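Novice: So the chains spell out like this:
Protein chains: 2
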Amino acid sequence: MKNPSRRSFIKKASVAVLVPLTGAAAIETKPKTMKNIFIHQVYFWLKNTGSEADRSKLIEGLQKMAKIKLLKNCHIGLPAGTPREVVDGSYAVSWLAFFKTKADQDAYQVDPIHKKFVEDYSHLWSKVVVYDSVDA
Amino acid sequence: MKNPSRRSFIKKASVAVLVPLTGAAAIETKPKTMKNIFIHQVYFWLKNTGSEADRSKLIEGLQKMAKIKLLKNCHIGLPAGTPREVVDGSYAVSWLAFFKTKADQDAYQVDPIHKKFVEDYSHLWSKVVVYDSVDA
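Residue numbers (our numbering), protein chains in the order written: chain G, 291 to 426; chain B, 291 to 426.
Hints are computed from structural coordinates only; laboratory data are not their basis. Keep in mind it's a predicted model, so treat the numbers as computed, not measured.
It does not matter which identical chain is meant; a pair holds if it fits inside one copy or across any two.
Pairs of lysine-lysine, BS3-like flavour, derived with a Cα cap of 25 Å:
| id | residue 1 | residue 2 |
| --- | --- | --- |
| 1 | K417 | K406 |
| 2 | K417 | K337 |
| 3 | K417 | K357 |
| 4 | K405 | K392 |
| 5 | K406 | K354 |
| 6 | K325 | K390 |
| 7 | K362 | K347 |
| 8 | K325 | K362 |
| 9 | K325 | K347 |
| 10 | K322 | K405 |
| 11 | K322 | K354 |
| 12 | K405 | K390 |
| 13 | K322 | K406 |
| 14 | K347 | K359 |
| 15 | K392 | K322 |
| 16 | K325 | K359 |
| 17 | K347 | K337 |
Construct all of the structure, not just a fragment, from the sequences and the given hints.
Specialist: Written out as structure tokens, the structure is:
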């Protein structure tokens with residue numbers, strides 16, 4: 291070989307470039323059905339029904355909650371405006387939280403950020419409904 | 291420069307190597323809060339409450355639904371066994387579906403696979419509650 295050090299460099303560079311390509315392919319072909327997840331879904335109804343100010347405050351509280359490290363992902367939502375007989379669009383704000391395990395959700399319940407959220411914002415809501423789900 | 295072509299190669303290779311590193315960093319530091327998403331959450335209660343056979347049939351139906359192309363992601367769930375006053379764990383099966391847009395969810399409602407699901411499996415449930423959410 292004329293220039294072994296350069297050949298070696300090219301080999302290494304090729305490997306490095308192949309890694310992300312494999313990663314991208316894995317993302318594209320992943321199954322749509324999520325597995326190995328704990329889903330914590332909460333719907334809030336405000337004491338002051340229809341109060342935009344109170345809704346904004348509650349959203350602000352949930353934005354703080356989103357910083358809890360145990361959370362895998364979360365979503366702060368509003369009713370989508372899909373009036374159908376089976377759709378309950380009467381809630382003010384929704385909070386969807388994904389955890390890796392049930393144990394993580396248990397720990398989240400007593401996380402200081404979560405406790406502070408309840409302390410600071412629970413006066414805003416009149417009703418909370420929670421649905422926790424694990425893989426079928 | 292002694293060897294401009296090699297310098298040029300190294301420069302290009304470095305860029306190529308940096309791309310995946312940036313990609314990896316983006317994944318690690320991405321915000322936990324999901325955005326630009328339409329969330330369709332459904333809870334089913336069975337006519338034959340507690341029937342494992344009927345629950346399995348319904349899950350089988352949802353597994354077929356998971357093939358609808360408009361779905362971004364979905365999850366088929368069961369109550370997680372988290373008894374608290376605010377938790378409703380009385381449903382039999384949950385179905386969480388993510389769409390890119392409200393229009394995609396509208397199209398999903400009339401997708402032949404969805405229509406066939408309602409046709410073939412709706413005799414199993416006594417109650418369905420749906421919550422649709424968009425970003426707050």
